[in-house]
Structures are given as structure tokens and as C-alpha cells.
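K.L.:
Sequence:
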Amino acid sequence: MIGDISPPVTSIPVVEGNEELRKPQNLIPPFSKVVSHFGTSGISVALATGVTHPLDVVKVRLQMQHVGQRGPLIGMTGIFLQLMKNEGRRSLYLGLTPALTRSVLYGGLRLGLYEPTKVSFDWAFGSTNVLVKIASGAFAGAFSTALTNPVEVVKVRLQMNPNAVPIAEVRDIVSKEGIGALWKGVGPAMVRAAALTASQLATYDEAKRILVKRTSLEEGFHLHLCSSVVAGLVSTLITAPMDMIKTRLMLQQGSESTKTYRNGFHCGYKVVRKEGPLALYKGGFAIFARLGPQTMITFILCEKLRSLAGLHTM
Numbered sequence: 001m002i003g004d005i006s007p008p009v010t011s012i013p014v015v016e017g018n019e020e021l022r023k024p025q026n027l028i029p030p031f032s033k034v035v036s037h038f039g040t041s042g043i044s045v046a047l048a049t050g051v052t053h054p055l056d057v058v059k060v061r062l063q064m065q066h067v068g069q070r071g072p073l074i075g076m077t078g079i080f081l082q083l084m085k086n087e088g089r090r091s092l093y094l095g096l097t098p099a100l101t102r103s104v105l106y107g108g109l110r111l112g113l114y115e116p117t118k119v120s121f122d123w124a125f126g127s128t129n130v131l132v133k134i135a136s137g138a139f140a141g142a143f144s145t146a147l148t149n150p151v152e153v154v155k156v157r158l159q160m161n162p163n164a165v166p167i168a169e170v171r172d173i174v175s176k177e178g179i180g181a182l183w184k185g186v187g188p189a190m191v192r193a194a195a196l197t198a199s200q201l202a203t204y205d206e207a208k209r210i211l212v213k214r215t216s217l218e219e220g221f222h223l224h225l226c227s228s229v230v231a232g233l234v235s236t237l238i239t240a241p242m243d244m245i246k247t248r249l250m251l252q253q254g255s256e257s258t259k260t261y262r263n264g265f266h267c268g269y270k271v272v273r274k275e276g277p278l279a280l281y282k283g284g285f286a287i288f289a290r291l292g293p294q295t296m297i298t299f300i301l302c303e304k305l306r307s308l309a310g311l312h313t314m
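First residue of the sequence shown: 1, per full-length UniProt numbering; consecutive thereafter.
It should be emphasised that the hints constitute simulated quantities derived from the structure, not laboratory data. Glycine is no exception: its CB is placed at the ideal position from the N, C-alpha and C atoms. It is possible that part of the hints are untrue.
Claimed, not checked - Label pairs and their computed distance ranges (CB to CB): (1) 225 / 39: 22 to 28 Å; (2) 216 / 85: 45 to 51 Å; (3) 266 / 70: 14 to 20 Å.
Full structure from sequences and hints, please.
P.N.:
This is how it looks when you write it as C-alpha cells:
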């Protein structure tokens, strides 16, 4: 179970001779526990992001190959060598500042909201089956992305422009394209985050339950590692096309009349029509190479930090 911020339940003692049943009273959890819950989530995601950020830069460059046309694709290794040769080692950390900022905010909310949402569904429907876990993850991911999308837009822009500065890039976007441009691609980003969080957290949750039930694994590093590998693989397969569409929308510039893509569906249609169906998985290996380790690092760290903070394991 992820976190431990479900409101503590107290009961009214049964008075002898009184047939009144115990009545649960839900209390707001202590502020320190709420901070620990969201803080451990944000820190674990930020540390994982810092380790895997170079792969995120490579992924974005892969996704922007041959926009609007078919052609031979440069692989992950080729893009990496090209970056090192043309832009230097620093290019592998383009956009790191907004990436870490987003990780703390988005990661903290995405993981932190999962458990309270699941508990709320349990109160409402009396169930925490896999469908409830999927719905809880989808809500947590979509809501978190809607709030933090501007930071993601700045991060992607910086990853394509080695000379850009975060604050200057924000000013440039707002002055040239309007403040609404900071929410470019928010639709596909929310869909992608909903699918990512639902598949990642629900898969991890279920994988742990099944492994504990059907194998000799017990709560600990090996169980966390096996569950996170499964979660990373499933979430990559589901979210790679959405990630590519989100990147294309966030990077396109110009007025409404000159934009290549009108929305996420139009982007997906044009990509398939002009670049082929497999183009939706451009950078797919890079996504897994990044998302797999990031998922493992995130969950293993989060489990450890929660344990140190006195929270329940995930």
C-alpha cells in the first residue's frame, strides 16, 4: 500500500447496555505525515530523474527526427554520438533544472495522490481491486500534469536548444506565443500521464501482491526490484506513442494557421500517415532505457524513504 496518509479512524466506545455500534470518525492526518508522504515521493522521482536525464534528452531528439516525412532513422547510439560531437557533454543535461523542478512537483503529486485517491474510492465503492487502482493512478497522473505542464514545455524547449536559458525561454514563449503556449500539448500530456501513472502504479501494486502470494519473495529489495521492472516495461509499451505526440505538440511553434498539428489526434493521424505507424514508437527504446531504470530507482528509493519516515510500504 502506497503511503500512509489515509485519515486515522477513531471509534466511540460502546457503553455497556447501549446497542449503539462503534461509529468511525475520520480525522485529518497530521501535517508532518502529509509532508512526509508527498516529500518522499517527490525526492525519489527527482533523484531518479537526475540519473536518467541524459536518456530523456536523447529520447526527445529521436522523436523529432524527420518531422512530417519518412526516412532512415538514426538510432539511440547515433543520436548520442551526434550530441557529444556537435554540442558536447553538457548537451546531455539540457533542461535539467526544469526537469528536476517538475520531478519534485509532478512526481510528488503523482505518487502522493495515488493512495488518498485509492482510499477515497474504497470508501465510495467498498473495493480496491485492480480497476480501482488503475482509476486512482489515472486521476493522480492527469491532475498532476495539468498543474505542472508549463515546466514540461520549458524542459522540452531547452532540450532542443543548447543556448537557451530557463527564465529567458519562459519570457520568449509568453511574449511570442502567449501564456497559453505554456499549456501546449497538455491534452496528450494528461492522457500520457494518466496512462503512465495508472499502468506504472497499478502494475507495481498488483505485481507486488501476486509475487508475495505466489513466490517466496517477501517485502524487501528483491520484491521491489522485480515489481518495478514489470511496471517499467508495461508503462513503456502503453505510453511511448503518447509521449512522442506530446513532444511534437510542445515543440511546434507559430500561429494557429501555420501549425502542423491542431491537437493530439491530428498529430497522431499525420504521423502515422506521413511517417508510418512505427513512427509512434520513435525513441521507444530510449523511453524504456530511461523509464525502466527510472521506475526501478523511483520505487526502490520511495520504499526506503517511506520506511525511514515511518510510512507504510508501497
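K.L.:
Give a verdict on every hint.
P.N.:
Checked hints:
Checked against the hint of 22 to 28 Å, the pair residue 225 and residue 39 passes, with Cβ atoms roughly 23 Å apart. Look at residue 216 against residue 85: about 49 Å separates their beta carbons, and that is inside 45 to 51 Å. Roughly 18 Å separates the CB atoms of residue 266 and residue 70, a value that falls within the hinted 14 to 20 Å.
In summary, the structure agrees with every hint in the numbered list given earlier.
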